[in-house]
Every structure is written in C-alpha cells, then in structure tokens.
Amino acid sequence: MFLLISFLFFLLRISPGDPSLKFISPDLSPKLAAKIRDSFNLNSSLVDQYKAFLINLVRGNFGISYTYRMPVLSVIKDYLPFTLIFSSISFLIQIIAGFFLALFSVKKINGAFDKTISKLSLIAYAIPSFVLGVSLILVFSSALNLFPSSGLSSFDFSSFSFFQRLSDYAFHLVLPLITLSLSGVAVYYKYLRENLEDVYNKTFVLNLRAHGFTEKEITRKHVIPNAINPLISVAGVELGILFGGALVTEVIFGLPGMGRLTVNAILSRDYPLVIGCTFISGVLVILSNLAADLIKVRVDKRLLKSTLN
Amino acid sequence: MTSKLKIWHLIIAICIALLLLNYGLVIKTYSLIIIYLQIIPENYPRAISQIGFSLIDSCASAILVVIIPIFVYLLRKRVKIFYVSLNFTSAAIIILISFFIFAPFAASSNPNFQQNISETKLLPPFSSVEVIHLKRNEKPEQNLIGKFFNLKKEVVKNTFDESIIFADSIVITKVATIYQKGNQVILPKDTILFSYGKPVITKKLFLFGTDEFGRDIYSRLVYGARISLFVGLGSVTISLLLGLSLGFLAGYPGGFVDTIISRVTDMFLSFPAIFLVILILALFGNSLFTVIIVLGFSGWMSLFKIVRSEVVSLKQKDFFISAKMSGLSGYRLLTKEVLPLILAPVVVNLVFQYGSVILAEAALSFLGLGTGSSYPSWGAMIEAGQNYLTEAWWMIVPPGLCLFVTLYAANNLGKEINLIFNPRLKG
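Chains as they are written, first to last, in this note's numbering: chain A, 1 to 309; chain B, 1001 to 1427.
Honestly, I wouldn't trust all of these hints.
So the derived label-pair ranges between C-beta atoms look like this [what the hints assert, rightly or not]:
#1 B/1063 to A/202: 54 to 64 Å
#2 A/294 to B/1312: 52 to 62 Å
#3 A/104 to B/1335: 27 to 37 Å
#4 A/110 to B/1077: 31 to 41 Å
#5 A/298 to B/1421: 34 to 44 Å
#6 B/1021 to A/197: 22 to 32 Å
#7 A/104 to B/1419: 21 to 31 Å
Treat the hints as calculated values from the structure; they're not laboratory data.
Glycine residues also receive a C-beta, built at the ideal position from the N, C-alpha and C atoms.
Using the sequences plus the hints, can you model the full thing?
Structure, rendered in structure tokens:
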C-alpha cells in the first residue's frame, strides 16, 4: 500500500508537462505567474514534495480538479456510490446465476443442459464486455426499441413516485448489468461446475448415499459447503476485474459512475482527478481482496495456522 | 476430433487463393523486385533511399506467398504441427496469421484509403460503387528508375489515388458526366483512360461496407489483425523476458533478493492492472509502442510466480546441483537446465497472457487510449462505430466478431496446449 503511494508519486513527478502551465496565461504578469507556480510547490526539494504529497493523501486531500473546480474527493463522492451499488448488484448476479446454473448442470453431467451451458459459458467468457455492450444496444435499443440505450433515469424522472423511480432505475440498468455480469457468470459457472463434479465423485458422498440420505440433503448439507470454499479466492480476484469492467460498461451506457469519471478525467488531462480515481479504485480492490482473504481464513481455520507459521 | 482436413491443407488453400485473386499484383511485385535489384549496383544511394516499410512489406509478402506453400507441402510429413487436424480454433489462428503476413494482398486497399468521401461514406456491406479510371499523367519511362517509380505506384497501396473517381452512375456522350449524390461533374473525354476504344469503368466492391470517412472496413480489419497480433507478440515477449529473468533471479539465490522481488510482485498483483495501465498511458501519452511496453510490464507477475516456484523446487534436485558444481554460469543454468523443464506451464501461461493482452489493447483503444489513430485497431473501430450505431451496424459487428473469434481461439489454444503437456487432465 505504502509502496503503491510512492509509486504514484514517482509517476506523477516523472510525467511530462507542468500542471501549473494550465493556469498561467500569457497575459498574466510574470510576478503573478511565479506566484501561481509557487503555489504548486514544484520548486521545493523532492523530499519536501514527497512529504507534502503523503500528508495530503492521509488527509484525503487529492488537490483540486481542473475541470470541476472542486476538491477531488467531493467530486468522487458524487460518483462513488453508484459504482459501488452497480458492481455489488452485478457481483451478486454473477454468483447466484453461476451457482444455480452449475447446480443444474451437475445434476446430469453431460446431459443436454450441461453441454449447451458449458459451450455458452466458453463463448460468454471470450466476448469482450464492450463488444457485448455495444451489440446489446444495437439489438435491444436500436433495433427492437425495448430498453433505453444510455443514462440512468428517464426524461420525466422528477414527476415519478418512489416506486416508479425504482422501476425506472431497474429498467435502465438491465442492459448494463447483463454486459457487466455475463463473463463473470461464465467464470463462476466453470469453477463451481468443476468443484461440484469433484465433490460428487468423492467417496464420502457415496458413503452418504449408501446410508440412505436423500439426494437433496446430500447436495445441500455436504456437497455445496465443500465445493464453495475455493470460490472465495476466485471472488476476490474477480472483484478487481469487475471494477475494471465497470469502467468500460459505464462508458458505453453513459452511467454516472467512477469509470466514466476516470475516463473523462483522462481525456481532459485532469491529473489530480485521475490520480484520485485510480487511487480510490485501487484501495477498493485491495480492501475487497483483504475481505476475501479474511473470509477464507474464517471458513478454513487451517489457513490461519499456515500463515502464522 | 479427427477430421480429414489438416492444417497444411488450409495454409496451401489460403496461399493459392491469394495468388489467384491477386495474380496481377504478384507479378508486378516480382518485376518490381527484379528492377530494384538492378538499380542497386547502378545507383546505390537512390535505391537505399527508396526503402520503406510498405515497400518491404509488399515484396516480402509476395515472396512468402509463393515460398510458404511450397515449404509446407515439402515439409508436411516431417513437421508434426502441419498434421494437426483442422478445427475452429486452428483455422481461426491460421487465418489471423495469414492476415498478419499477407496483409497487402489480403486487403483490397490501404486501410486509410479515402476517395470521394461523400460518395463512399457509410456504405452497407456488399455494396459496390462505379469507378471511372482517369489517365495517369505519366510517360512510359525508359530508364530503370522511372520504371521503378511507375511500378511502385501500382504495387504499394497509397492512402489516395488521383486516377480514379467513385460515382453513382456515369454517362458518356461527348463528355463524361459523373453523378455523385446529386452532384454533377463533367469531365472532358481526353482525361479518361480508354482501352480498346472503351472507357475503363469498373466496380469496386466494399465487402463489409465503409466507415464514416469512406474507408473500406474489410481492409481495416485485415490491417487491424496485424496491429492486434503485433501488440500481443510484443508485450508477451516483454512479459516473458521480465517474468523469466526476475523469477530466476528471485528463486535461484533466494534469501534477501527473493523477499524483495516477491513483495514487489505481490504489490503489483494486488493492484488491478487496468487502472495502472490507464494511469500510465494517461500521464505519458499513448502510442503503439507505449501501449506494447505498458501492457508487457503489466503482465509478468503470474509468469514470475510460476518460474520462481519451479526454480525454488528445482534448486534442490541433484542434476541442478551437479550442473552448478561443474561451473555453469547463471544464464547457462537458466537456459539449459531450468527452461526445458518449465516450458509447459510457461507456454500455456503465455498463450492465455496473449489473449488478455489483445483484449486489453482493444479495451484501451475503445477508451481512446490505444495505439493512436494512425493504425487501424479493432477496438478503435468499435469506438468509432458507436457514434453511428443506428445507421451503420456494419462498423461494429465485423471488428467485434473478429475480436471475439481471436479471443476464443486464444483461450482454446491455451487449453489444448495444456492438454498436450498434461495428458492426465483429459480424464
């Protein structure tokens, strides 16, 4: 984490271009220009700059966005909740859909359902999210006119009641959620299917069957808990990919989230905002990885022992 | 799956098809090469100054399009890989590679070719436009260099061609009247090229339509394959070198160095690569080579982990210790003792890495941080097509399909190689 911050600082310093130049116009007097340059703190020694940078980060002060003319943190505050909610809904969809698909296809290995879903999951895994998103817009909103192609709310949003508003949000989020979730569903499906198949072939399941437990009971009480463990670490990795995917999806569908903010900041060369956005997203991913690790340790106590040793 | 068709059938079929479709161009290219070879002893500095990427490109693909089928046919019994049976994956990969090598012949025009934009922009697939050929204002040259330039003009595809005009319909009376979308152009008869007493009017077919600047999408796809493969190969090579050398460096001596390098790797692994890539590209500007380098630097971590763990376990084996005792240098130890043993996981990892690099390049291009506008990239094509979503679906679907097929093939290839190296997985 600390190394990461230093790396960011290093990148920032060696990047070409002087941020103060953006605020200095040729009309200004040289004295004022020098003052502005001073305010960017670029003339002091590198160590001092690094110290100031660290202190600012700890205080949550990323500087002032060039385009929004507001502190970076308050800009991010407007955009962050959407991305968090959006990604977590998609995360839930991925896990639940992947889980049930895997469960159904394991019921009859190499059956028709299993074969088609396995083939489809390979395809879904290979489709890049932006190709999928644009094609969905093409089919569902441009050709069939079923779903809106962009934005989060309808034109006459303010006149709606609460429930209408909720359904309006949901209506607008159908396509983005499909785009974001599909490849994740494929990943979870693949892992879960393999795990479930493995566990079903273990001898203890045979033993349980011999003891006369019903198939439903075996699945619910013995197979699923055993198959789900390795999934947690996959989920931790997937979350990082999810944030990256949300970035592209938000750009396609014009949703007000972190991804679009980041891309716009990059395109308008708004460096403080870029740094802030990447930093916050990185912290989120690291935190989610940490959470996955903690859950893993909690589920499987043996891991804790091995790490402590 | 064993079909009777093998890989070498497809390779030869592609080469012969290209030869038959472009026989005129191939012959011209060969005469260009002969003239060029004659110029070299005569006027050395002039000849050197004419060498450019597109010239070498055309000549090389003209030579290869003849040599490759012959070699494949002769070597098919000896080289095992030509006898792999043909399926979706291998066919897709071979077509991509042939696009990569034979781009000048496979494409029908330069990817940035533009002429009469109002006439050719946003044409749907399989549409064709009438072309009237004008006289080129050039005399038949006698000396070698003049001939060379005339031939070069025909062989190397330019981004413009002043000797043709696209039109909706052409009426020829005493003058030629050309209709272009309600616009009427009258040309005097002596500017038009005649052969056997008739004006030369052909039709140009746009297989996948054209984009908003009237550029042929099919040609852009072919050259886009080149960019994708090039970016993929370049950054995978960088990852390979980094992962291999760092992994060996960390695993072989162990101790302090190992700890530091492993911690740094963990740091990179914990941070999602896409944000880092975007950040670096945003700060330093994007071009083809920065994209390759940054993607290469963002992908070495998994390879490092594989190499390091393998080296750590190999270090205690007897054969490694005896090799070390006999005084081999670190480099020799790596290439002679370690590499052959860890080849399988490394190759599989590289193939998967390759797929993800292509995807990342396309995503970056899509976000406007890709290889830049001077190279046609699939991601950039999709991004451009987004603005014309309702009127021109053909700007999005072909590059999207290409991207999908490439990724699917790369994933499958990785899996198949994995199966070859670990037959036990077949189960």
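Going through the hints against the structure:
Between residue 1063 of chain B and residue 202 of chain A the beta carbons are some 60 Å apart, a value that agrees with the proposed interval 54 to 64 Å. Roughly 28 Å separates the CB atoms of residue 294 of chain A and residue 1312 of chain B, a value that falls outside the hinted 52 to 62 Å. Here the CB-CB span from residue 104 of chain A to residue 1335 of chain B is close to 50 Å, at odds with the stated 27 to 37 Å. For the pair residue 110 of chain A and residue 1077 of chain B, the beta carbons lie near 37 Å from each other, so the given range of 31 to 41 Å is met.
Checked against the hint of 34 to 44 Å, the C-beta distance between residue 298 of chain A and residue 1421 of chain B comes to roughly 37 Å, which is consistent with it. As the Cβ distance of residue 1021 of chain B to residue 197 of chain A is approximately 49 Å, the hint placing it in 22 to 32 Å is violated. In this structure the supplied range 21 to 31 Å holds for residue 104 of chain A paired with residue 1419 of chain B, their Cβ-Cβ distance being about 27 Å.
Consistency note: the structure conflicts with the earlier hints numbered 2, 3, 6.
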